[in-house]
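Residue numbering for the sequence shown follows the working numbering, beginning at 1 and increasing consecutively.
Honestly, the hints are just simulated from the structure, not real lab data.
Here the structure is a predicted model, which is why all the values come from computation and not from measurement.
Ideal placement from N, C-alpha and C gives every residue a C-beta, glycine not left out.
Heads up, none of these hints are tricks.
So the derived label-pair ranges between C-beta atoms look like this: (1) Met-143 / Lys-201: 56 to 64 Å; (2) Val-66 / Val-29: 31 to 39 Å; (3) Val-54 / Ala-240: 23 to 31 Å.
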Amino acid sequence: MSAAIPVQHGIWRWLGALGRRSLQAVQSVGDAAVLTLQALGHLLRKPWQGRHFVLQLHALGVGSLVIILITGAFTGMVLALQGYYTLAKFGSESLLGAGVALSIIRELGPVLGAFMVIGRAGSSITAEIGIMRVTEQLDALRMMAVNPRARIILPRIIATMLALPLLVAVFDVIGIGAGYVVGVELLGVNPGAYIAEMTAKITMHDINGGWVKAIVFGFMIGSICTWMGYRAEPSTEGVARATTRAVVVASVSVLIVDYILTSFFL
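Given these sequences and hints, build the entire structure.
Next up, the structure:
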């Protein structure tokens, strides 16, 4: 009887800790949503942040282009290799083009593109805003009657939401092209069959699904990373923890939302 009491206390403590963490997670999601909506509320208000939009779009888009090109090329090549040896067992090598293109357009392009942007640009956004918080630059903006949500957060959210679909489009083209080179030039698939099956099997429904995913992922990445930096503890350790959490939370969120969106676009 006495041994059962500590076990019961341990279970209640575990349930209490789980409840507190769940409430903290819900509170964080609500805080991030409110901050994002407050920032978006300044989208059509003067002064417009056009110059800052362009600067952030250049930093996020052009800065991530090289890693997108490399990732897209090797993703397409690996898909072509794996797909060929799988389809060859069924005598369906001509379907290689359709398999590579559909895999990249529907799933791998948006998801891997989002992961690359999170690692390269999302962490940078969180760290940059967190450092602004540590060095009291955000407070200085408020003293100059400049709203940090409009000047700092809004341009980064919009730039990420616009840059990611463009980067995903580049990823798709490079990946499909690399798959063609490996499939046709290296593995000997008929080029006419490769192109014909690809164009026959891909529809606008598939392309639109990839675009919607890229836009949603971009908005999520911008919102999560800016919120993590804006709410980071004003210390070097706090900024480091916020950057790590931003990468983890954004990556897991992309996977969860990807499943939800895929179920809608089937």
